[in-house]
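Novice: In numbering that gives the first Met the number 0, the protein residues as written are 0 to 439.
Each hint should be verified, as a subset may be incorrect.
Claimed, not checked - When the alpha-carbon atoms are kept at most 25 angstroms apart in a straight line, the in silico SDA-like pairs for lysine to any residue are as follows: (1) Lys273 <-> Lys313; (2) Lys249 <-> Lys317; (3) Lys273 <-> Met373; (4) Lys406 <-> Ser387; (5) Lys368 <-> Ser342; (6) Lys213 <-> Leu397; (7) Lys178 <-> Phe377; (8) Lys249 <-> Ala173; (9) Lys369 <-> Phe83; (10) Lys317 <-> Glu125; (11) Lys406 <-> Leu418; (12) Lys252 <-> Thr52; (13) Lys273 <-> Val395; (14) Lys273 <-> Ala168; (15) Lys252 <-> Ala220; (16) Lys368 <-> Ala68; (17) Lys365 <-> Phe83; (18) Lys313 <-> Leu139; (19) Lys267 <-> Glu125; (20) Lys368 <-> Phe83; (21) Lys249 <-> Val357; (22) Lys249 <-> Lys213; (23) Lys249 <-> Pro119; (24) Lys178 <-> Lys369; (25) Lys365 <-> Leu397; (26) Lys317 <-> Ile334; (27) Lys365 <-> Ile391; (28) Lys252 <-> Ile120; (29) Lys273 <-> Leu397.
Claimed, not checked - The following label-pair restraints were derived from C-beta to C-beta distances: (30) Gly84 <-> Ala413: 19 to 29 angstroms; (31) Gly305 <-> Ala330: 41 to 51 angstroms; (32) Val264 <-> Lys378: 39 to 49 angstroms; (33) Leu418 <-> Pro122: 27 to 37 angstroms; (34) Pro383 <-> Trp147: 20 to 30 angstroms; (35) Val309 <-> Ser277: 21 to 31 angstroms; (36) Leu409 <-> Trp271: 40 to 50 angstroms; (37) Asn269 <-> Phe183: 50 to 60 angstroms.
Think of the hints as simulated: they come from the structure by calculation, not from any bench.
The C-beta atom is built at its ideal place from N, Cα and C for all residues, glycine as well.
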Amino acid sequence: MQKQKITLKKSLSSTHLWAIGVGLVISGEYFGWNYGWGVAGTVGMLIATLIITVLYFTFIFSFTELTSAIPNAGGPFSYSLRAFGPFGALIAGYATLIEFLFATPAISLALGSYIHFLYPIFPTIEVAIFSYLIFTIINLLGIKEAAWFALIMTILAIAELLLFIGVAAPHFKAEIFFKDPMPFGWAGVFSALPFAIWLYVCLEGIAMVSEETKPGKGVIAKGYISAMLTLCILALAVMFAVGGIAHWSKLDKLDYPLPESIAIVLGKDNQWTKIFTSVGLFGLIASFHGIIIGYSRQLFALARSGYLPVFLAKVSPKRQVPYWSLIIGGAVGIIAIHLFNTSDLVILATIGAIVMYVISMLALFKLRKKEPQMERPFKVPFYPTVPSIALILSVVALLSMLYAYTKLCLIFFAGLSILLIIFYLTGSHKRLAIKNELSS
0 MQKQKITLKK
10 SLSSTHLWAI
20 GVGLVISGEY
30 FGWNYGWGVA
40 GTVGMLIATL
50 IITVLYFTFI
60 FSFTELTSAI
70 PNAGGPFSYS
80 LRAFGPFGAL
90 IAGYATLIEF
100 LFATPAISLA
110 LGSYIHFLYP
120 IFPTIEVAIF
130 SYLIFTIINL
140 LGIKEAAWFA
150 LIMTILAIAE
160 LLLFIGVAAP
170 HFKAEIFFKD
180 PMPFGWAGVF
190 SALPFAIWLY
200 VCLEGIAMVS
210 EETKPGKGVI
220 AKGYISAMLT
230 LCILALAVMF
240 AVGGIAHWSK
250 LDKLDYPLPE
260 SIAIVLGKDN
270 QWTKIFTSVG
280 LFGLIASFHG
290 IIIGYSRQLF
300 ALARSGYLPV
310 FLAKVSPKRQ
320 VPYWSLIIGG
330 AVGIIAIHLF
340 NTSDLVILAT
350 IGAIVMYVIS
360 MLALFKLRKK
370 EPQMERPFKV
380 PFYPTVPSIA
390 LILSVVALLS
400 MLYAYTKLCL
410 IFFAGLSILL
420 IIFYLTGSHK
430 RLAIKNELSS
């Protein structure tokens, strides 16, 4: 008897995808991007953000074609497997895992910092670890329940950002924003690219739940594009609002720039400052929760395809969620909290993201040529111009990281090299190539 394929429950609409997409990323508006001011100044970071915004718009339109054509929980791993075989799939899967597994501890540290800002009695690290435990349990309840939680948290996070913009905008001063605007010149702009990427990173995580999306043409495209538009508007508005309140040097090394800027305007002991900081936790929670969904599905897909231990592909019989992937992913994140600071975690996550973007765009070109008859519910407009722009800007961003953050890049590529060598020496590439050929 043929073994039944392990599958996930299909229950997500385009609204759920929008909520998961915005929720995955929205913490980037709350912290992380401000580290870019420390290497580029306000205008330098703004230029970097505009470049990366173009990258993401072109990438998301291109990536949507892949996601709608191959709706698989593996996301980039699955596209690269189909385009390039086992080695390409390994590179894409590794890059995506690094992106999601290291973005999550960065957000957990920010959560801890927000709580510590409000209540100094609670240590940052302990709160970060506790967050992993709570939100892993929530994700174990089931994807529909997790998605509804993401929707509620995302709406509250957007409302909070709009409230922040409304409070901060009247205090905006152009002379503050444009003071020391590019202290490190164009080199600073390149150094700021990873922090600009942080404003949008993990949006492609929608692909990880595409297998759990309800059937229907345009569902995935609507989720992606609406999420990208929402994030773009919020990112630029928050950057201007914060940058016009205090000189960037006062805010470029904090995990809580928004509460600190409100405290500058209203005073740290002001009741509204405390209320704002408490509400501001919704954005961090939305992303933290959403990225847990993302990395658990990536671990699940890699294990189901034979790239990771098979137990990670086990799903609970009632809730149909990959429970071992949720537990192991959380354990890796807790270890990362103790090994890296927030800035390094942000950069490592963005290195993984950019490598994944490069191989995904190459997969798009390859599949257009290799499988022209493939059903594509959504096709990227103005092909090949749009994906070419995404690919070129991704390569530029990767080169900037190699230049500015060489040590962290070496850590990333050393890990990838070790995996590729093991993969080759054990003959896994041959075994998986045969398995892929039989299943196609």
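Novice: Go through the numbered hints given earlier and state which of them the structure violates, listing their numbers in rising order.
Specialist: Hints 1, 2, 3, 4, 5, 6, 7, 10, 13, 15, 21, 22, 24, 26, 29, 31, 34, 35 and 37 contradicted; others consistent.
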